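**Student:** Below are the chains, spelled out letter by letter.
There are 2 protein chains.
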Amino acid sequence: MYIVIVGCGGLGSALATKLADEGHNVAIVDRDKNAFKKLGTGFNGLEITGVGIDEDVLRNAGIERADALAAVTRDDNINIMVAQIASKIYNIKRVIARIYDPERKSAYRDFEIETVCPTTMGVNEIRNILIANGVKKRFELDNGISILEIKVKKNVNMTVYDIEDKFDLRVSGIKRESTIIAHDSTIVKKDDILIVTMKEAKAEALARYLGNEG
Amino acid sequence: MYIVIVGCGGLGSALATKLADEGHNVAIVDRDKNAFKKLGTGFNGLEITGVGIDEDVLRNAGIERADALAAVTRDDNINIMVAQIASKIYNIKRVIARIYDPERKSAYRDFEIETVCPTTMGVNEIRNILIANGVKKRFELDNGISILEIKVKKNVNMTVYDIEDKFDLRVSGIKRESTIIAHDSTIVKKDDILIVTMKEAKAEALARYLGNEG
Numbered sequence: 001m002y003i004v005i006v007g008c009g010g011l012g013s014a015l016a017t018k019l020a021d022e023g024h025n026v027a028i029v030d031r032d033k034n035a036f037k038k039l040g041t042g043f044n045g046l047e048i049t050g051v052g053i054d055e056d057v058l059r060n061a062g063i064e065r066a067d068a069l070a071a072v073t074r075d076d077n078i079n080i081m082v083a084q085i086a087s088k089i090y091n092i093k094r095v096i097a098r099i100y101d102p103e104r105k106s107a108y109r110d111f112e113i114e115t116v117c118p119t120t121m122g123v124n125e126i127r128n129i130l131i132a133n134g135v136k137k138r139f140e141l142d143n144g145i146s147i148l149e150i151k152v153k154k155n156v157n158m159t160v161y162d163i164e165d166k167f168d169l170r171v172s173g174i175k176r177e178s179t180i181i182a183h184d185s186t187i188v189k190k191d192d193i194l195i196v197t198m199k200e201a202k203a204e205a206l207a208r209y210l211g212n213e214g
Numbered sequence: 001m002y003i004v005i006v007g008c009g010g011l012g013s014a015l016a017t018k019l020a021d022e023g024h025n026v027a028i029v030d031r032d033k034n035a036f037k038k039l040g041t042g043f044n045g046l047e048i049t050g051v052g053i054d055e056d057v058l059r060n061a062g063i064e065r066a067d068a069l070a071a072v073t074r075d076d077n078i079n080i081m082v083a084q085i086a087s088k089i090y091n092i093k094r095v096i097a098r099i100y101d102p103e104r105k106s107a108y109r110d111f112e113i114e115t116v117c118p119t120t121m122g123v124n125e126i127r128n129i130l131i132a133n134g135v136k137k138r139f140e141l142d143n144g145i146s147i148l149e150i151k152v153k154k155n156v157n158m159t160v161y162d163i164e165d166k167f168d169l170r171v172s173g174i175k176r177e178s179t180i181i182a183h184d185s186t187i188v189k190k191d192d193i194l195i196v197t198m199k200e201a202k203a204e205a206l207a208r209y210l211g212n213e214g
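Chains A and B, in that order, are what the protein sequence lines are. So the first sequence is numbered by this note's numbering: it starts at 1 and just counts up by one. So the second sequence is numbered by this note's numbering: it starts at 1 and just counts up by one.
Hints may be right or wrong, so weigh each one.
The list makes no distinction among identical chains, and a pair is therefore deemed to hold if it is satisfied within one copy or across any two copies.
With a straight-line Cα cutoff of 25 Å, these simulated BS3-like cross-link-like pairs (lysine-lysine) come out [unchecked claim]:
no., residue 1, residue 2
1, Lys199, Lys38
2, Lys93, Lys190
3, Lys153, Lys175
4, Lys136, Lys18
In short, the hints are calculated from the structure, not lab data. Fair warning: this is a prediction, and the values are worked out from it, not measured in the lab.
Chain A with its partners taken away, still in its complex shape (with noise of 0.2 Å):
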């Protein structure tokens, strides 16, 4: 894919790195030339100095043949613009934008435009680290519905089936010395972190039965 990325700050340059190494063609944009310092000797993408709500510059990066954009520069509105731009003008289906501040995101989804905060991103996952009972989110669906990671504390002589029989969850996949996929028949053994798909709210009478303190 040929991927535009405007802002070669810490995401921006480590997002470029990556996709590059995946093989991507990658063009990034940023308005400072020291900036792409930070893309390592082995970057064999475009660099573009300029400011990103420039048609000129984006041009010059490739926009008009490009198959996504990230828009991921310091500055909120410079990013949804950028976004709106490549979406609007350029017809390109794949558009992200980076919100700095949580409170705009509201603001931006009236703009259709994808959006990610890594701010709320990294807020939710220290919570869950910190707040943890036994119980930690790894992400949440809806319908209170959560992927969590279980651990089992004690010796329940249980199967897999047992478990998913007995409260309504469904577990699939299993931390042990190594990772592994779950099936009915998995017999569960203390120590294991059981990776659950289930209602939040029952989370807590699950971790408790598995030997976790209250």
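On the provided structure of chain A, position chain B as indicated by the hints.
**Tutor:** What follows is chain B alone, placed relative to chain A:
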């Protein structure tokens, strides 16, 4: 819980607000008292102005009775030092350090401090949205196994069990109008999004089988 947060930037202030809203006792430390303006008027926690590596400052923030501490300043070195003070001197069991520079993560692993890198989380999320080929990676376990979302683009007339039997994987949830927990007998329908735990290398084959174009 009594939680000390060191660093009141975008992430620290959002974390403090969230935890206080959930009913936890929060003390937040920043060397710049203007940083506390980000907390909003509803914040009822303790605000301590000072440098996080100063033990007097940490004691003013109540570190001696803290259940958990998050070190989330903009300086990776300060974060790891604060985390070590909390862990080694004050024996706090739940300690987490934020990392800015993903390349340092492995160095920090040696300190046995749990770390979170929002930049890396953002990079992975953006990459997955840009590159999506019917497969959206939700998170990576290990051993090549990940939790993925894969869309069903045609009628396959199969149950969850049939798909699990044909490919080596576990379906744990299905996104429809509203998300459901998968069971062996659940019938898979066109336009479902399957939440699948499987070897990532085999995901494209499954996506194609389910009608996604390569």
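**Student:** Evaluate lysine 153 and lysine 175 at a C-alpha cut-off of 25 Å and name the case that applies: within, between, both or neither.
**Tutor:** Within one copy, since 13 Å is at most 25 Å while 31 Å is not.
**Student:** State whether the alpha carbon distance between lysine 136 and lysine 18 is at most 25 Å within one copy, between copies, both, or neither.
**Tutor:** between (28 Å within a copy, 17 Å between copies)
**Student:** How do lysine 93 and lysine 190 come out at 25 Å by Cα distance, when the copy is not named: within, between, both, or neither?
**Tutor:** between (47 Å within a copy, 22 Å between copies)
**Student:** As a check of your reading, is lysine 199 near lysine 38 (CA-CA no more than 25 Å) within one copy, between copies, both or neither?
**Tutor:** Answer is neither; intra-copy 43 Å and inter-copy 32 Å both fail.
Going through the hint list in order, the structure does not satisfy hint 1, though it satisfies all others.
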